[in-house]
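2 protein chains.
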Amino acid sequence: MKDSVINPPVSRADIGYFSGLGVSVVHNEEQLEAKFNVDALGKYHGSAQVALFPTSTLQVSDILTYCNQRGISVVTQGGNSGVCGGAIAHQGEVILSLRDMNKVRDMDVISGVLVAESGCVLEDLDNYAQKQGYTVPVDLGARKKCMIGGNVSTNAGGLRYLRYGSMHGSVLGLEVVLPDGRILDSLFTLKKDASGYDIKQLFIGAEGTLGVVTAVAISLAPKPRASQLAVLGLQDFSKIQRAFVLARQNLGEIVSAFEFWEKRCNELVVEYESYDSPLSNSHEFYVLIETRGSCLRHDMEKLDTFLECLRGEELIDESRVVRDAEDMDKTWLFRSQMAHAHSKSGHMHVYDFSLPSKHQYELLVAVKGHLEQAGLYGKPGMPVSDVTIFGHVGDDNIHLQVIAQEFGGVVEEAMEPWVYEWVGSHGGSVAAEHGLGSHKGQFLKYSKSPVLIETMKSIKQLLDPKNIMNPGKHVSRA
Amino acid sequence: MKDSVINPPVSRADIGYFSGLGVSVVHNEEQLEAKFNVDALGKYHGSAQVALFPTSTLQVSDILTYCNQRGISVVTQGGNSGVCGGAIAHQGEVILSLRDMNKVRDMDVISGVLVAESGCVLEDLDNYAQKQGYTVPVDLGARKKCMIGGNVSTNAGGLRYLRYGSMHGSVLGLEVVLPDGRILDSLFTLKKDASGYDIKQLFIGAEGTLGVVTAVAISLAPKPRASQLAVLGLQDFSKIQRAFVLARQNLGEIVSAFEFWEKRCNELVVEYESYDSPLSNSHEFYVLIETRGSCLRHDMEKLDTFLECLRGEELIDESRVVRDAEDMDKTWLFRSQMAHAHSKSGHMHVYDFSLPSKHQYELLVAVKGHLEQAGLYGKPGMPVSDVTIFGHVGDDNIHLQVIAQEFGGVVEEAMEPWVYEWVGSHGGSVAAEHGLGSHKGQFLKYSKSPVLIETMKSIKQLLDPKNIMNPGKHVSRA
Numbered sequence: 000m001k002d003s004v005i006n007p008p009v010s011r012a013d014i015g016y017f018s019g020l021g022v023s024v025v026h027n028e029e030q031l032e033a034k035f036n037v038d039a040l041g042k043y044h045g046s047a048q049v050a051l052f053p054t055s056t057l058q059v060s061d062i063l064t065y066c067n068q069r070g071i072s073v074v075t076q077g078g079n080s081g082v083c084g085g086a087i088a089h090q091g092e093v094i095l096s097l098r099d100m101n102k103v104r105d106m107d108v109i110s111g112v113l114v115a116e117s118g119c120v121l122e123d124l125d126n127y128a129q130k131q132g133y134t135v136p137v138d139l140g141a142r143k144k145c146m147i148g149g150n151v152s153t154n155a156g157g158l159r160y161l162r163y164g165s166m167h168g169s170v171l172g173l174e175v176v177l178p179d180g181r182i183l184d185s186l187f188t189l190k191k192d193a194s195g196y197d198i199k200q201l202f203i204g205a206e207g208t209l210g211v212v213t214a215v216a217i218s219l220a221p222k223p224r225a226s227q228l229a230v231l232g233l234q235d236f237s238k239i240q241r242a243f244v245l246a247r248q249n250l251g252e253i254v255s256a257f258e259f260w261e262k263r264c265n266e267l268v269v270e271y272e273s274y275d276s277p278l279s280n281s282h283e284f285y286v287l288i289e290t291r292g293s294c295l296r297h298d299m300e301k302l303d304t305f306l307e308c309l310r311g312e313e314l315i316d317e318s319r320v321v322r323d324a325e326d327m328d329k330t331w332l333f334r335s336q337m338a339h340a341h342s343k344s345g346h347m348h349v350y351d352f353s354l355p356s357k358h359q360y361e362l363l364v365a366v367k368g369h370l371e372q373a374g375l376y377g378k379p380g381m382p383v384s385d386v387t388i389f390g391h392v393g394d395d396n397i398h399l400q401v402i403a404q405e406f407g408g409v410v411e412e413a414m415e416p417w418v419y420e421w422v423g424s425h426g427g428s429v430a431a432e433h434g435l436g437s438h439k440g441q442f443l444k445y446s447k448s449p450v451l452i453e454t455m456k457s458i459k460q461l462l463d464p465k466n467i468m469n470p471g472k473h474v475s476r477a
Numbered sequence: 000m001k002d003s004v005i006n007p008p009v010s011r012a013d014i015g016y017f018s019g020l021g022v023s024v025v026h027n028e029e030q031l032e033a034k035f036n037v038d039a040l041g042k043y044h045g046s047a048q049v050a051l052f053p054t055s056t057l058q059v060s061d062i063l064t065y066c067n068q069r070g071i072s073v074v075t076q077g078g079n080s081g082v083c084g085g086a087i088a089h090q091g092e093v094i095l096s097l098r099d100m101n102k103v104r105d106m107d108v109i110s111g112v113l114v115a116e117s118g119c120v121l122e123d124l125d126n127y128a129q130k131q132g133y134t135v136p137v138d139l140g141a142r143k144k145c146m147i148g149g150n151v152s153t154n155a156g157g158l159r160y161l162r163y164g165s166m167h168g169s170v171l172g173l174e175v176v177l178p179d180g181r182i183l184d185s186l187f188t189l190k191k192d193a194s195g196y197d198i199k200q201l202f203i204g205a206e207g208t209l210g211v212v213t214a215v216a217i218s219l220a221p222k223p224r225a226s227q228l229a230v231l232g233l234q235d236f237s238k239i240q241r242a243f244v245l246a247r248q249n250l251g252e253i254v255s256a257f258e259f260w261e262k263r264c265n266e267l268v269v270e271y272e273s274y275d276s277p278l279s280n281s282h283e284f285y286v287l288i289e290t291r292g293s294c295l296r297h298d299m300e301k302l303d304t305f306l307e308c309l310r311g312e313e314l315i316d317e318s319r320v321v322r323d324a325e326d327m328d329k330t331w332l333f334r335s336q337m338a339h340a341h342s343k344s345g346h347m348h349v350y351d352f353s354l355p356s357k358h359q360y361e362l363l364v365a366v367k368g369h370l371e372q373a374g375l376y377g378k379p380g381m382p383v384s385d386v387t388i389f390g391h392v393g394d395d396n397i398h399l400q401v402i403a404q405e406f407g408g409v410v411e412e413a414m415e416p417w418v419y420e421w422v423g424s425h426g427g428s429v430a431a432e433h434g435l436g437s438h439k440g441q442f443l444k445y446s447k448s449p450v451l452i453e454t455m456k457s458i459k460q461l462l463d464p465k466n467i468m469n470p471g472k473h474v475s476r477a
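As they're listed, the protein sequences go chains A and B.
Numbering that gives the first Met the number 0 puts the first sequence at residues 0 to 477.
Numbering that gives the first Met the number 0 puts the second sequence at residues 0 to 477.
If you're looking for bench data, these hints aren't it; they were derived computationally from the structure.
Bear in mind that the values here come from a model prediction, so they are computed numbers and not experimental data.
Incorrect hints may appear among the rest.
No distinction is drawn between identical chains; accordingly, a pair holds when it is met within one copy or between any pair of copies.
Each computed DMTMM-like pair below joins lysine to aspartate or glutamate, with the alpha-carbon atoms no more than 20 Å apart [as the list claims (entries may be wrong)]:
| id | residue 1 | residue 2 |
| --- | --- | --- |
| 1 | K329 | E272 |
| 2 | K357 | D107 |
| 3 | K357 | D105 |
| 4 | K34 | E272 |
| 5 | K329 | E261 |
| 6 | K444 | D184 |
| 7 | K456 | D179 |
| 8 | K238 | D107 |
| 9 | K456 | D184 |
| 10 | K465 | E453 |
Put together the whole structure using the sequences plus the hints.
What follows is the structure in structure tokens.
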């Protein structure tokens, strides 16, 4: 399998062929650079000479048939909101943007199953679903930009995973164009299916390395009739864990999100986004809890009982309940802009781990210690200005930010592979919800066994023998 | 790929080798016939000469290494409660029983993740989980017999799918021994993971054709603090569908099961199991709704409001709310014994389909008409005594029973492939939760596209090139 590819320059004949299919083609360097050859954080830069904008599955099939025959590599792009370089054409690949495949194909209002093309923007899709009495079971900070095909391809987790679970459960069917142009129609819309291998699962989280996801059938959740938030201020990390156990007991089926962040994260959002802190006082840790239910009166009572419980066990120093719609939006925005605030404060090395909750705070202490020892952090003027964590409690998903004066360099050298090794040896995964992208495949060995990695590679070889789909990324780097 | 196999007779040397591993071996014909060479309904008969009972993953690995080298085919067996012949050694394969691998390996009481060996009986596992404040998110009628490894391998759906969703979402990790004996350690216990292809998904529903699942990591649901049932009597099928929509709106997050059955099913349970009908009067259709929540007072109020709604729209003729624990057990037992009652009344041809709800009743009418036209049903003494449906509303999963004087014969000839074609052409799946087993692979083409079936077969070829795992079944028959 070719792991590193010098892609043949796209010829006039190639462009002529693509145009002849009726596909929009962009090959203006400036346009490419501004929108398609750079990632959301400005960290990864690509060198695609051409971006294609098919409007139908058949066009995607024609494009891949052509590229496969000629060994032209392809990078699929959705909203280009990824932070791991997975959608960037590092080696001059052709960019296949799904932006113009953005139709809702079907919506069953009885069963709550939506069939949408990959280019539908997540927020638009959720607005559409809400009008029919449902909500899309995945939500994340990039909702205004990311697209459902990309959500599937990166196995997006997000803010309400705790309630609605994984894409592997909620995606019922996929339409995929295989690398050789064949259309794999697996766009099943019924909930139970035990007829053969569940092939579509392979494309969930494949980051465009096995084919192009062109449409998604997804089981929606009923739109909640009632929602409320509580923001808590706490003194130490162990109290967050205890609060989570009490939330599951007292809020039970209505808890839909349980987020935490630490003091410095709060300060960065206040400083760089000019938002008000959601609490009056400053705390070591903050927790944001959301409930979604079908009866506000019941949910209010449950939340009050839960907060009583927290106070009874002296777990919290401050709490605020938010029930006003505008205030809820503002509070969520504060949480959603956290990564953005970090990236404004410097060059953000972002890490996205699954880690048993008992090791999460330990990770922060270990990273700070490691960087201090390396002489990179702890004193003014040093390369690292901040090391922070925030995350999704209950999903065991933690984001670690190391803010530096530049991308890469001594900071990356000190951090990697050290931090991946640390996470792997503490039972974690090197990628929880951001994916492997172009960079992290090499660290997969720290959290996955050799037989598992071999099996992944054999699947890649089976479905993409010419290695034209997103070459040199993901498990190809493992 | 060899689709039909004449298995070499197991030699004394083979038995000597297996015994030498410390594995229990049964090769007494009577014992084999009584327990391992016949399925739950007495429909499928096998011809295994030997059954092996490993107690460790390493033993399973040694057995498969040996069998793979010698081309000895293997059928994996759990509780042997399947109804599609998937666990039966039709061609004299070696039976690999996971019965003695029945330890709980780990339980995290904070995150609610359980790691159990495949031979754990589902009910035992749920009892264990309940003691820790959790419940296993899958439940089915065979709970006293079926084992968690078999539940995973058949992608079991069951009674509370509506609430807890699919195995593809709740199984976090698997340990699998590949056909060549390599151990695929994918026993991940954290909830989010976006690092490479989710290989374990392939084994969920593979019915032992790709390897042996030896252990399962599963995300449990919190044990409900409150539970209640409502049984409804209704006049026609469309009212069930409307009641379901109202249940999702009014009961929202607490509805955990929504089952229906028709009049004749009710009569059969009363007649053959000697249970009292759950309602005083006789009705065309019955619905059983379960709620599971964290506050009984709230849940009672929600259920009352919902029943008011049903009465307001004149959807129901009778209703009974059950809150007494013993009465709840009895009511559930009535539902659980439905298949058993059918099988006592004659030879049960059981069909398990996913079908859009709007076509479910239509199916019953079509089948009755078809069998009448064939002169097989409708008058006393004809080969078919009963045709019934019951199922899981909201999962689009319907069970069709055709009760005949014998298995196979003219009834099967009249029904197949006709009924599979009918289901496929109405947007359904030929297998919803029972699996393909030894018989249904040939009908897969009615609900899955050729490219999808080709891809499934290529996966089988990739992982089991010598075709030793459950040969001639599942997608190999497609």
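Earlier hints that do not hold, by number: As far as the earlier hints go, only 4 is violated by this structure.
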